[in-house]
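Novice: I would like the entire structure built from these sequences, with the hints used as guidance.
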Amino acid sequence: MTQIGAERVEMENKLMIKLVVGTEAMFFLALIMVFVYFSLAPGFRQLQIAELDLRSTGLFSLLLFSSSFTYWRAEHSYNKGNIKKLKLWLLVTIVLGLAFLFGQGKEYVRLLHDHVNLGANTFGTSFFTLTGFHGLHVVIGLLVIGIAICLAAAGDFDNKASTLIGIIGIYWHFVDIIWAVVFFVVYVIPHIH
Amino acid sequence: MSSRSELNIPEPKHSIPGMGVSNNQGLLQWISSVDHKQIGIMYLWLSMVFLVIGGIEIMLVRMQLAVPNNHLLGPEAYNQLFTMHGTTMIFFVLTPAIFGFATYLVPLMIGANDMAFPRLNALSFWMTFFGGFLLYFSFLAGGAPDAGWFNYAPLNQYNYSSSPGINYYCSGLLLSGIGTVTASVNFIVTILKYRVKDMGLKQMPLFVWMILINSFLVLAAFPSLNAALVMVLLDRQLHAHFFNMAGGGSALLWQHLFWLFGHPEVYILILPIFGIFSEIFPVFSRKPIFGYGFVVASGMAIALLAFGVWVHHMFATGLGNTINNFFAASSLLIGVPTGVKVFNWLATMWGGSIRFSVSMLFGIAFLIEFTIGGLSGVSFAIVPIDWQLTDTYYVVAHLHYVFIGGSLFGLLSGLFYWFPKISGRVLDEKMGRWFFWLFVTGFNTTFLVQHALGAMGMARRVYTYPDLPGWGILNLISTIGGFLMAIAVGLLIYLLVRSVRTAPLASDDPWDANTLEWTTSSPPALQNFKQVIPVKSTRPYRDYKRPDDTDWSRKGGDGK
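Here the protein sequences come in this chain order: A and B. So the first sequence is numbered by my numbering: it starts at 308 and just counts up by one. So the second sequence is numbered by my numbering: it starts at 3 and just counts up by one.
One should not assume that every hint holds.
On the chain A side, residues computed to face chain B include the following (Cβ under 7 Å) [to be verified]:
id : residue
1  : Glu319
2  : Leu322
3  : Met323
4  : Leu326
5  : Val328
6  : Thr330
7  : Ala337
8  : Leu425
9  : Thr429
10 : Thr432
11 : Gly439
To be clear, the hints were calculated from the coordinates, so they are not data collected in a lab. All figures in this text were calculated on a predicted structure; none of them were measured in a lab. By construction, the Cβ of each residue, glycine as well, lies at the ideal position given by its N, Cα and C atoms.
Specialist: This is the structure in structure tokens:
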């Protein structure tokens with residue numbers, strides 16, 4: 308592939324993933340609006356404060372946010388042509404993502420133990436749907452990054468012609484940004500007053 | 003080419019086959035295809051199959067309504083049939099037909115050889131295909147969905163509809179919705195990155211412009227539907243409480259989410275049609291489009307306003323005067339850019355040398371019928387009128403005037419216009435005229451009287467009605483009109499099948515047209531273009547054919 312051809316493919320693929328991320332953002336907007344709408348009903352705020360652990364989830368959120376940083380390092384290494392560092396940073400990203408999922412799982416188990424589940428009340432319904440769909444996106448991101456590590460190990464990225472790393476990056480940062488909004492709406496807002 | 007035998011998938015040997023399914027290359031070649039022309043044709047056939055199915059459903063409904071106090075169908079069967087009719091016609095007839103034309107024509111019109119992501123293109127089609135399949139599987143699985151095409155809460159809850167139908171409604175529409183979204187991503191990248199080098203945005207055919215705007219509309223609107231469908235599934239399967247009032251949920255929430263998608267959706271079904279007519283009026287009036295910039299800009303205005311009008315579906319839900327008035331004003335406003343377009347087309351025809359082909363006949367009929375549908379639509383923006391008429395047959399008449407008189411007429415016009423290019427065969431104009439008059443007569447017979455029925459207070463979606471003065475005869479007229487339309491569709495299918503098989507071969511440019519798709523062979527070869535003619539105006543092929551009278555050399559002439 309010529310240089311111009313490769314640049315064109317990169318532009319196309321980047322545009323594609325930006326559009327996908329845009330439409331995904333609208334999906335989350337719908338879920339967030341539903342959560343906010345339900346949170347205006349009496350009793351919802353109290354449940355949020357009583358059931359959710361701001362500090363613990365905040366710590367796990369920091370791990371997810373820092374995974375954006377490590378992914379950025381991975382991308383940087385790739386652009387420099389340092390495949391070894393690329394693999395390392397991708398691996399760190401996965402570990403951070405898994406740690407976040409572990410935190411989410413811990414919280415889910417605690418909530419289910421308290422009989423807060425999807426069918427308990429509107430808080431359970433909207434909380435599990437919103438955070439569950441975000442968690443699903445994290446899982447998909449981790450799977451894709453896992454595939455990228457395998458490809459890197461197989462030597463697919465040795466000649467820098469692939470746009471995959473950059474594209475996964477846009478998706479992964481998006482998943483982080485969505486979590487920042489979700490975290491603020493679900494965990495932080497009830498404590499503001 | 004040793005790789006060909008290794009792949010074991012039959013590659014097309016010469017030009018891409020026409021619209022026929024049975025061809026010398028076998029079915030596997032269609033199923034495995036990633037060629038935009040074949041995928042486009044498959045979209046169109048899919049749409050045709052569902053048109054017949056949805057048509058049979060509504061003919062049963064019309065037969066039930068032909069006379070008062072009829073008991074041909076029970077209420078359960080009736081609910082399933084009208085629900086499936088609406089869902090099918092919107093999601094599996096109009097949408098795939100529009101996407102079929104777009105998939106086929108967008109690369110050809112911009113001088114590209116395929117879509118940006120051919121495999122994604124195939125994925126989009128098969129998602130739509132299996133979405134429709136899943137929706138219809140509900141008949142075998144214990145009952146079709148029965149809560150209407152907009153599936154209102156609480157009717158969509160398990161307590162009100164315990165058959166699995168609505169689960170299939172949700173999963174079928176989710177699948178096809180994902181297909182629609184991925185197709186739109188593909189269109190945007192194709193249009194923005196794959197245009198032939200000298201085609202700027204200002205030289206782009208208006209059909210391509212409308213598909214571009216439309217694709218953004220899809221990306222913004224469909225997530226709302228998908229989220230709402232997931233919520234219904236969670237409510238029904240895992241006892242969540244989104245729309246269940248007993249558990250603190252909100253039935254109105256469904257209406258907000260659905261119409262936040264649903265109103266843009268009706269523009270998703272009409273903007274590409276505006277694009278089709280913006281191609282057809284110039285060709286058959288032999289003039290450039292009047293006010294190119296206005297057509298584009300009003301398309302954008304419609305797309306933006308489309309997200310600010312959804313509550314006019316909910317005036318009767320008691321949201322209060324402030325909200326109602328805001329959305330009444332925005333709904334009146336959105337009529338303006340649509341009106342602008344009608345005047346664009348009228349002015350394009352004005353002073354032109356018009357050829358009354360079947361395609362153009364549908365265009366002229368569209369201007370009249372769509373204006374009627376538009377006027378009845380504006381009447382819903384006036385809150386007191388809406389309160390009186392909502393949920394009556396007046397709504398049914400209105401939506402059919404815009405969906406049939408608008409969207410379907412546009413698709414039929416496009417079919418008669420592009421059929422020679424797609425199939426390589428001539429579509430019989432004489433029989434086409436028979437079809438046109440039969441269909442237009444049937445359509446107006448069916449739906450014009452429904453305005454009166456609605457004004458007289460006949461509610462929609464009731465399976466039978468008492469013998470009130472006038473109701474019986476008006477319903478009978480409507481049913482007769484329905485049969486005329488059914489006969490017309492039968493005639494169209496006969497016409498299509500016969501033309502695909504035996505009609506004389508078409509020339510590459512039978513209409514003396516303006517845009518790039520007519521510069522290739524009919525049907526186009528697997529590789530659309532070897533080279534593309536220069537593009538310096540919105541009518542590049544005309545410039546090429548008449549080098550002494552080009553649009554770009556005429557300063558201050560008509561057109562832009």
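Novice: Are the hints correct? Go through all of them and say.
Specialist: Verification of the hints:
no. : hint   : in the structure
1   : Glu319 : holds (5 Å)
2   : Leu322 : holds (5 Å)
3   : Met323 : holds (5 Å)
4   : Leu326 : holds (5 Å)
5   : Val328 : violated (10 Å)
6   : Thr330 : holds (4 Å)
7   : Ala337 : holds (4 Å)
8   : Leu425 : holds (5 Å)
9   : Thr429 : holds (4 Å)
10  : Thr432 : holds (4 Å)
11  : Gly439 : violated (10 Å)
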